[in-house]
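Undergrad: Listed here are the chains, written in short residue letters.
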Amino acid sequence: MGLRAADDSDRDSDDETIGMIHRRDNGGASSAPATSSRWVIDARQLVRTYQMGQNQVHALRGVDLQVGPGDMVAIVGASGSGKSTLMNILGCLDRPDAGSYVLDGVHVDTAGKNARADLRNQKIGFVFQGFNLLARTSAVENVELPLLYHRNDHRLPTRRLAEEALQRVGLGDRMDHEPSELSGGQQQRVAIARALVTKPSLVLADEPTGNLDSRTSMEIMALFQDLNREGVTIVVVTHEDDIARCTNRKVELRDGLVVHDERLRDRVDAAQEAARRKSSDSVIA
Amino acid sequence: MRAATLIRVAGQSILRNKMRTLLTMLGIIIGVGAVMMTIAVGSGAKKQVQDRINNLGTNLLVITAGAATQSGVSQGAQSFNRLTIDDAKMLQSQSFTLMAVSPVVMTGGQLIGGQGNWRCRIYGVSPDYAVIRDWQMKSGVFITNADVQSARKVVVLGNTVAEALFPGEDPVGQQLQIRSVPCRIIGVLEPKGQTAEGNDQDDVVVAPYTTVQDRLSGRSFLGQILASTSSPSEIEAAQKEIREIMRDAHDLGPNEQDDFTVRNQNDLADTAQETADVMTLLLSAIASISLLVGGIGIMNIMLVSVTERTREIGLRLAIGARSSDVLKQFLVESVVMSLAGGAIGVAVGFGGSAIIGAVTGWRMVISPVTVALALGFAAVVGIFFGFYPARSAAALDPIEALRHE
Ligand SMILES: Nc1ncnc2c1ncn2[C@@H]1O[C@H](COP(=O)(O)OP(=O)(O)OP(=O)(O)O)[C@@H](O)[C@H]1O
Ligand SMILES: [Mg+2]
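These protein sequence lines are chains A and B, in that order. Take any residue in the first sequence, note its place counting from 1, add 1163, and you have its number in this note's numbering. Take any residue in the second sequence, note its place counting from 1, add 835, and you have its number in this note's numbering.
Just so you know, the hints here were simulated from the structure itself, not pulled from any lab data. Computed from a prediction, not measured in an experiment: that's the story for all the values here. Just so you know, not all the hints are guaranteed correct.
[What the hints assert, rightly or not] Listed next, the stretches of chain B that the computed footprint assigns to chain A, with coverage defined by at least 3 CB atoms under 8 Å from CB atoms of chain A: (1) 889-896; (2) 932-939; (3) 1008-1014; (4) 1156-1162.
[Said to hold, decoys possible] Quick partial rundown of chain A residues pointing at chain B, CB under 7 Å, derived from the structure: (5) 1241; (6) 1244; (7) 1256; (8) 1312; (9) 1347.
[Claimed, not checked] Derived contacts from chain B toward chain A, CB cut-off under 10 Å, selection only: (10) 837; (11) 840; (12) 841; (13) 843; (14) 1204; (15) 1205; (16) 1207.
Note that beta-carbon positions come from the ideal geometry of N, C-alpha and C, so glycine has one too.
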């Protein structure tokens, strides 16, 4: 939170859109919460249509989604159901053709290109299926990267924050390793540290375990659960039901619509599950 | 993004692929090095010409027979005979601006004495000659008015002659036969080196013009008349005055052309410097083309780099880089590379110039302006050729870039 407080108090005012965003943000944070800011994600009637030559692909056809702070949500659905399209909009990488999206009190649909870049930088942490770490760049430098794009980066102890984030994901002893010197699970932890380093309101992970074996997947989910217990809001896209069962809520998409939205009673403890899989692995071996 | 951070990020990217970076910079290195070396050769030549012209004397005016044509060559063979001792005497007595005037009777001949014999030019002059040419004595004295009046058989040797005939000793006081006429050596001149045309100025014997006319050559006409003013500001006036006196002395009517030519040091320098300038320009133009090719090399590699790093760019955009950040990063990368290439090129230019100078004996001049110009040019090349790749990087859509394989 210290990060955002610093940037609110001393913001360069040359960008009007940003100024606007932060006024709204401050309003949401300090005064009595308005209806819209009870949610980290408040998306209503999102529509996204792709033009493919003559054809139109209706990737999203009116999606409603509200996610409160501290929640952990799984988005599931068949291939092509629109999960990634939704994630791109939630992550401010893409804009809906219709509908409204308020992220942590900020109206994203009216935000310009630079303002959305700044939102991604400060409010969102991305975790990708393919890790997307910079090659030949040490773990700590990879984690530091988002801070370098922070508009007030000269006030931040970027290196120290990056080291803290790496410690938080259990890689305190791998700071100077390059991606090629790390396992897939470790690379994804570095990516998660990179997502966390700006202390975002929301972590978005599109199939974060898609490239990992089942035990490592559980370890990554255990890390997400740890972060979630500390209050981080997390949305995970997954194909796998056992991954979805590690979350608090499962939202199912089909053909661009939410067809199922359920709270999961007792989520699986991913750490225990990972330990169980580890022992069964060794039995098989 | 702060400038320091920007440079750091660009630096990281550049250092991540050292071999490619080096190859990218190679074009700039060669280009800047080549430009530096050609300019060094050119300005060296110019400086050398300048020095040699200055070396001729101070505020020097040269009067030769024959009218100057456009190309500076005298016309009409008969007009060569028309400078006389009387002309020199007229100038001496009638001019107000000239500080010194000396006729120069030019001949050549065989010298015998000391260690053997030697052929060289023989100049018959007056005592003013040493003043006009600003020529100091290495030993002994220069000829005097008394020497001229009595046509004494005394000579002053140029340094080359002295060293050829009397190696390791002072010839002053010794005897010498010029065309079988015995002469006494009264002095040796300080070495002056080569002229702009590459003639050895020290390969000469100087004697009173009366002696040369009466006893050595028998010729009465002069090769040239040298004169000088006491300050550079008087040269123009002197030139005008000389013309009037000479036209009067030669009885030229108002419609008749000058049958003589008066040139000052700048006139002499201009032709030589023009050649050096044209050469420098031509060589620099060729060298600049290599710089251009280097710039295209940078653009090429940067474009490849943008394609290769599409996912990286997508990631940077996803984690909050603005398009302008990406644009700046790639621009800074190309400028840093071309500046680094330029700096190495400057070093190569210095090294190459030293080698060229050592091998050929040419004078090489590298001024701070040249260095600044070379670096500035490299930076401009980096910005110019880096802009298109940088813009295409900044225009990438983050979603598509992240999906790029
Ligand atoms: N850039 C695009 N241009 C055209 N159509 C697209 C584009 N991106 C996605 N689509 C289409 O939109 C629909 C939803 O795609 P999306 O990527 O959101 O699916 P998904 O649920 O993430 O699938 P998967 O589980 O395979 O990742 C698909 O029919 C897809 O073909
Ligand atoms: Mg997808």
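Undergrad: Each hint should be assessed against the structure and marked as holding or not.
TA: Hint-by-hint comparison with the structure:
1. Taking a C-beta to C-beta cut-off of 8 Å, the segment 889-896 of chain B contributes 0 residues in contact with chain A, too few for the three needed, and the coverage statement is violated.
2. Chain A is given as covering the segment 932-939 of chain B, and this is violated because 0 residues of the stretch bring a CB closer than 8 Å to a CB of that chain, at least three being needed.
3. For a cut-off of 8 Å, the count of residues in the segment 1008-1014 of chain B with a CB near a CB of chain A stands at 0, and the three-residue condition is violated.
4. Here's how the segment 1156-1162 of chain B fares: 5 of its residues keep a CB closer than 8 Å to some CB of chain A, so the rule of at least three is met and the hint holds.
5. Against a cut-off of 7 Å between C-beta atoms, the interface hint on residue 1241/A is violated, since the closest Cβ of chain B lies about 19 Å away.
6. For residue 1244/A, the interface hint is violated, the least distance from its beta-carbon to any beta-carbon of chain B being 17 Å, above 7 Å.
7. Because the smallest distance between the Cβ of residue 1256/A and any Cβ of chain B comes to about 5 Å, under 7 Å, the interface hint for this residue holds.
8. Restraint check, residue 1312/A versus chain B: the minimum CB separation of about 4 Å is within 7 Å; hint holds.
9. For residue 1347/A, the interface hint is violated, the least distance from its beta-carbon to any beta-carbon of chain B being 17 Å, above 7 Å.
10. At about 5 Å, the closest approach between the beta carbon of residue 837/B and any beta carbon in chain A falls short of 10 Å, and the interface hint on this residue holds.
11. Interface hint at residue 840/B: satisfied, since its Cβ lies 5 Å from the closest Cβ of chain A, which is below the 10 Å cut-off.
12. Satisfaction of the interface hint for residue 841/B is found here, the shortest Cβ-Cβ separation to chain A being roughly 9 Å, below the 10 Å cut-off.
13. Checking residue 843/B against chain A: minimum C-beta separation of about 8 Å stays under 10 Å; hint holds.
14. The restraint placing residue 1204/B at the interface with chain A is violated, with a minimum CB-CB distance near 36 Å, outside the 10 Å limit.
15. The interface hint given for residue 1205/B is broken, as the beta carbon of that residue sits about 37 Å from the closest beta carbon of chain A, more than 10 Å.
16. A hinted interface residue such as residue 1207/B counts as satisfied when its beta carbon comes closer than 10 Å to some beta carbon of chain A; here the least separation is about 31 Å, so the hint is violated.
The structure is inconsistent with the numbered hints 1, 2, 3, 5, 6, 9, 14, 15 and 16, although it conforms to all the rest.
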